[in-house]
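Participant: Residue numbers (this note's numbering), protein chains in the order written: chain A, 1 to 458; chain B, 1001 to 1267.
Just so you know, the hints here were simulated from the structure itself, not pulled from any lab data.
Wrong hints could be hidden among the right ones.
Stated by the list, open to error - Partner residues are not named here, just some residues of chain B that face chain A (Cβ under 7 Å, in silico): (1) Glu-1048; (2) Leu-1119; (3) Arg-1146; (4) Pro-1178; (5) Glu-1230; (6) Ile-1235.
No residue lacks a Cβ here, since even glycine has one placed at the ideal position from N, Cα and C.
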Amino acid sequence: MRIAQNLTLMEKLNILSDAAKYDVACTSSGVDRGGSGKGMGNCAAPGICHTFSADGRCISLLKILFTNECVFNCAYCYNNCNSDVRRAAFTPEEVCTLTMEFYRRNYIEGLFLSSGVLVSPNYTMDLLYQTLYRLRYVHGFHGYIHVKSIPGADPLLVEKVGFLADRMSVNLELPTADSLRRLAPCKSRSTILKPMRQIQNSIAASRQELALLERRLYPGRGELAHWQETPRFAPAGQSTQMIIGATPESDYEILSVAEGLYQNFHLKRVFFSAFVNVTEDSALPALPGGPPLLREHRLYQADWLLRFYHFKVSELLSKEKPDFNIFLDPKCDWALRHLEFFPVEINRADYYTLLRVPGIGYKSASRIVKARRQSVLTFSDLKKIGVVLKRALYFITCSGRMMYNTKLEEDYICRNLMGDKTQIPREIRESGYRQLSLFDEGMIAQDSAASFQKIIGA
Amino acid sequence: MQIFICENSIDGIFSGIYRAYESRLGHNNIRLAAADALLSYELFCQYEEVPVDPENSRKVAATLRSRLGQEAYRDICQAISACETEIERRKNMDKAEAVYKTVVLGLSMKNGSGVLSCLGSPYVARVFQLARSAGNEAHHLLGFLRFQELANGVLFSRIHPKNDVLPLLAEHFADRLPMENFIIYDENRRTAALHRKGSGYLLAEVPEADEAFLNRFSEKEQEYQRLWLEFFHSIAIEARKNPRLQRQNIPKRFWPDTVELAPEAFG
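Chain A extracted, bound-state conformation (with noise of 0.2 Å):
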């Protein structure tokens, strides 16, 4: 074994922090739970997001392997049992202890533990399952966890972990099985499908389960939280993380695996890693440009459309068109393309029809829907209802007035929204995309899934 001995815990802490902040999930989501009385700790179902780092992403979760050791050979891992990296491990006692701490000062919302594979999946899982048992009973830990179920382990033990945390999650790693088999040859398709099954029917059975004992119990009455009497199988949810840019497929190919993904295993999120070559691995893309953020983007814009907005990835993109545009986001691109549904009268439109608008968010068109019962809305009131109407006003009109004389027209519209900054954001502009000129002569959306190519390097 070449783990170190004799680490202080900042140097553990150091590597393996390190070692884990490739992994995106670091959300406190999903759970609502009060406060026992005793112990310590409660969830807030939207998350609370405890500070940011230099990054710019959000630190909810003290976020750690329990070691860097690795028997696997994963290409784009920087732990890989390849690579030369320092490796640690903690004591379980170690990370209750870190975790409570952090905790009480209120640096942190809960744990999110992950690990490499240290010795066997089994030998690995149980370890992750001690620490977990310690946190929640020794400790009376009612936080948040998160905690990744390792390929490979055993259903019995990855049923026992579950009951013990808030979420789970197991990497799909990579979109397709063809790139998993090239990059991660000790994983496959089917050591991380069938875990998230598993994790999937769990989490439906003890739902049942609860609901069955609720009905006996209590008749009448709303769901029970106290997962301290009435144990629940990871109450927030599964989640899983894809890594985007290591291999070829496409943004089309990415995003069906994640809408399968939602429909077949009800997953919570799918969440997307624009990937940072750490390894140097010859099998692997350089990417001059720097990690491709501006793809990462507009896929987590685009999962948004598929989980709040009822878009399908079939009406996003095809096999004709199997990228997103980079410079409008995938809203504004797909009603270009439909021009056909718009304009949209505001006090007259369903919610579904609201939602379909550039510039209208879900709460802005559940405000919309409550507001109008009232009174006629003008474009003034959606102003204050939160609706963004630099893009919204080529689409609405209001008491069958547009805001200004604008066009229907693809060109024209085009032309004005590519003119708003905002399409991509400041901080990916100024973090390796200075090169683009969104003012090129001539420019107009179907011509940008060539320079898309060039630019993400894919």
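Following the hints, position chain B against chain A.
Facilitator: Showing chain B alone in chain A's frame:
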């Protein structure tokens, strides 16, 4: 036009609302104005100052709770506690007037609990806007607030919020840390929430804080702060470094009260 001038506080504005109803002049003939926001007097208006009356305020609160529901009541209180800058005040409708007309609208509805979704009304829109800004700050602080362990084991936190968010924070942390003694000190308002292990919390005014006592930390405190700093720095991905996004997500005014972004942390 009759204008009632009331104190800019929950009790003050509720007393004003009570007086407005009691006067029976018709809501269209009445306006409410918060005393400290009154910029100039108008011609053809009668002005009357309404003193704070806890009894009347309590009656109004009870009515709002039962007729508009707990949620709308909470939003209204949050809107009143929201702090406005001088410029915001000049540009926008008077807070007291917005609350008053929102209440009138809510009580005229069959189901008052939906009053805050009537965003077509400029009054409701203003209350909604104020409540949202106060609520956002409270939600931010649930995460950005930091406790330090004092020499006697008490957890101590110092905050400088724009809005009066202490009650919301106290509620949250009392539920989260039931077995801890903790103090949250709002230095701007000189108020504190005190929580005793195993019991409830109370809000108190703090005319003078014992700084020497508050700066004596436990032995372990520095160690955990260092561990946290270590974690905070090693979790960032160098290739994605983005200070602007960081500042956008955690505005600079919160930095001095955190451990990891406070000026001392870089020293």
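Participant: So which of those numbered hints doesn't the model satisfy?
Facilitator: 1
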